[in-house]
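S.K.: One-letter residues, chain by chain:
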Amino acid sequence: MRRQIVYIARVELEGRCTGCRLCELICSMTHTGAFNPDKARIRVVSFDGGIDIPTTCNQCGLCLGRCPINLIKLDTKTGSITIDEDKCTGCGVCIEWCPIGAISLNPETSKAQKCDLCGGSPECVKYCPSKVLHMLETSSPRSIEFRRKIYAATLAGNEQLLRDYKYGDSAIQSLIKVSSKAGGKC
Amino acid sequence: MLIKGGYAGKILRVDLSTDKVKVEDLKEDFASKYVGGRGFGSIILFKELEPEIDPLDPRNLIIVTPGALTGTAAPAASRTTITFKSPLSNLHGDSASSGLFGANLKYSGYDSLIISGKASTPVYIYIEDDKVEVRDAKRLWGRTAGDTHKFLRDELNIPDLSTLTIGQAGEKLVRYASVITDGGAGVHARCGVGAVFGSKNLKAIAARGHRDLHLADPDMFRKTFQEYLNVIAVDPYVPPAKKYGTPRFIYHRAKFGIHGAENWQFGAYEWSGVDPELLRSDYSIKAASCPNCPIMCRREFAIRSGRFSGTVSKMEWESIARAITCGVTDAEAIIYQTRLANMYGIDAESVGDTIAFAMECYQKGLLTPQDTGGLELKFKDPDVMIELTRRIALREGIGDLLAEGTLRAAAKIGKGAERFAMQIKGVEMSAGDPRGMPVRAVSYATGTRGADHLRSNPYIEEIATPQEAKEWFGSEEASDIKSGVKGKGRLVKWSEDFVTIGDLLGLCKFAYYRSATFEYLRRKGIEIATRLYNSVTGLNISGEDMMRAGERVFNVEKAFNTREGASRKDDTIPARFFEEPLLGGGPSGGAVVDRDKFQTILDEYYESRGWDVSTGLPRLGRLRELGLEEVAMDLSKRISLKD
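Line order of the protein sequences matches chains A and B. Everything in the first sequence is counted per the numbering used here, starting at 1 for the first residue and increasing by one. Everything in the second sequence is counted per the numbering used here, starting at 1001 for the first residue and increasing by one.
Think of the hints as simulated: they come from the structure by calculation, not from any bench. It cannot be assumed that every hint is accurate.
[Claimed, not checked] DSS-like cross-link-like pairs, simulated, lysine-lysine; straight-line CA separation at most 30 Å:
1. B:K1223 to A:K131
2. B:K1569 to A:K126
3. A:K87 to A:K111
4. B:K1314 to A:K131
5. B:K1415 to B:K1569
6. B:K1569 to B:K1412
7. B:K1569 to A:K77
8. B:K1223 to A:K126
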């Protein structure tokens, strides 16, 4: 079983992430019993001009085997890559390996935190008001087609966004600014 | 500890004269008595501000208080109230906005931020958990509100930084300057809060919190959240809100013919230029929303071509409505005007009304091209509206006079200009013309922060059945929109207490205090709201307790205004509404507000509030019944009030 949360924007006005950040608070509530975006395993990235993109772990597995004390495992039942948070020392090696910033340190405990798909049925997907968060799953864990589909779905959403924002300009410029900065300190 | 969640537990004080920072514990009985948001702000202002000071004096306070549910995942609960003495009314002033600032204040550990004194040079306040600093803002002075936000965010390199900023209008002490949340995500628009910031040399407050906000009962919270979703899933109010956002209110104004066009002369007006369908198809680029909101009634608008090409802005109904007050119905000009208002940090409502006032003065010959620097102030001219907004925000030429607000500008112009100043207690009109809906006249008049459609919810008359009206307000007449009198006073009182709950909890009035039926309205606004509060805090209070808290807070504000000298004579509406029949034909063409009926409803209102009917002042006994002994004691030392 392979599962992951993806953001898929739809064509209509109401079919994009609105940047309401309910997913962050639901996530921190589910995992810690309190509200604190710093403890959320899904984060919304907002760009000037009104583009909001929720980001979370895509369970790619690049961090598997990177934990020096071997606390990162594939949970075959839920299809998620999980960290044994109780034993985590907070060394931060996995954070450096993650290419998309999906692992962070809990600001209070200094232990690594990442999306565990809530044990197979993610709460953020349930609560998302604009229904742009989805959980996709496949029974063949190594399906290349599956990964391709997810990648394409994300790009399709982005393409829609870019097309719509063409005339708005300031939003797209802020995206370009961010991506050109990305090599630097951003 | 009785309270197990929802509150951060501390109150933060910053004195700008001395740069001193002080942290106090939030007392539990205080928290449960005044709940949060507007409740904390109103009582702190009453207790700590000495009477009769100038609102722009350093002694005025700025009290920033997130709602009790702000910072939690409760649906549409992100509102934060700023309380102060208003430079427009010289009375109680407060102004709320959505956005992430309140949440970050609470994640930093503070339920309220009280700012006093005045900095000698421009400063901003930085708050990150225990780190609270007053920092130099000289290089920010002169920047727009949106630019200030971006500058701070980029300079401090904190992408999630949340801010309250003022633009040039606040710096120049425009009496209706606003405070912008997160560079444009929300606006603390009303009552001139931006001018109070400016008078203290306070350019911005920036906050980023990292602490937990606790939650007492997650299961009950989830259940209540689901209940809220179930209610809005079947409420016919929601689909149009989702589809068009707030611009849909044009349908309501058109249905009753209450546009308030051309400085509140015309009720019916040509509005095809701002048709919600047109806005949706040609200008909306996406549905936006305030934090945690399942309704998503905000819209991001963009202009693709023409001279305003490239403009991107959020825009709400009242910006459109007040452009119509200037006779302008050109969608592109209004989107641009809204962006301008939010960049300069100026209340789109007051500025619209003030421009319309100037236009009428010009029309009637009270202002001449000599006064305006050659600008022809004609109704319907979008360029004049935009240019005047700029001049007012920067206090250039005629803008300097108009920046004082309609009441003060009219006094300076003289020659009977007062007649065209559409304001109540010095605060410019908002929402729809009361001549088509008489109960609104009373609700505007009794609002504790001047002319205001958000202080009460008199539109309940449109959704309550006659049976409900009888049960709740004592007379079937209360649901009769055009000619009902009996029960209307009680309706206004009830709805004032009702919407106050939203300001205490930080709930959005569209998400909780609007609905297509009275039953859904009560379920969302009282039952669900109270249960959310209980699940977060671990308290167990009833809906009646919550309504009583609303009433208590409303009485505190009334007491503040009483101490400042306001009385029944101030609870009135501009003479135009009584005397001049509504122009333009349409559903309310020719209507006026009947003076006798107005006074009768007002009598019933004071009576249901337990106040003195002849003077409109609160009774000490009633204040004590509401648990406001200290307030009653303070008042009785200064003024003689009936028991």
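S.K.: Going back to the hint list, which numbers does this structure go against?
M.R.: 2 and 7
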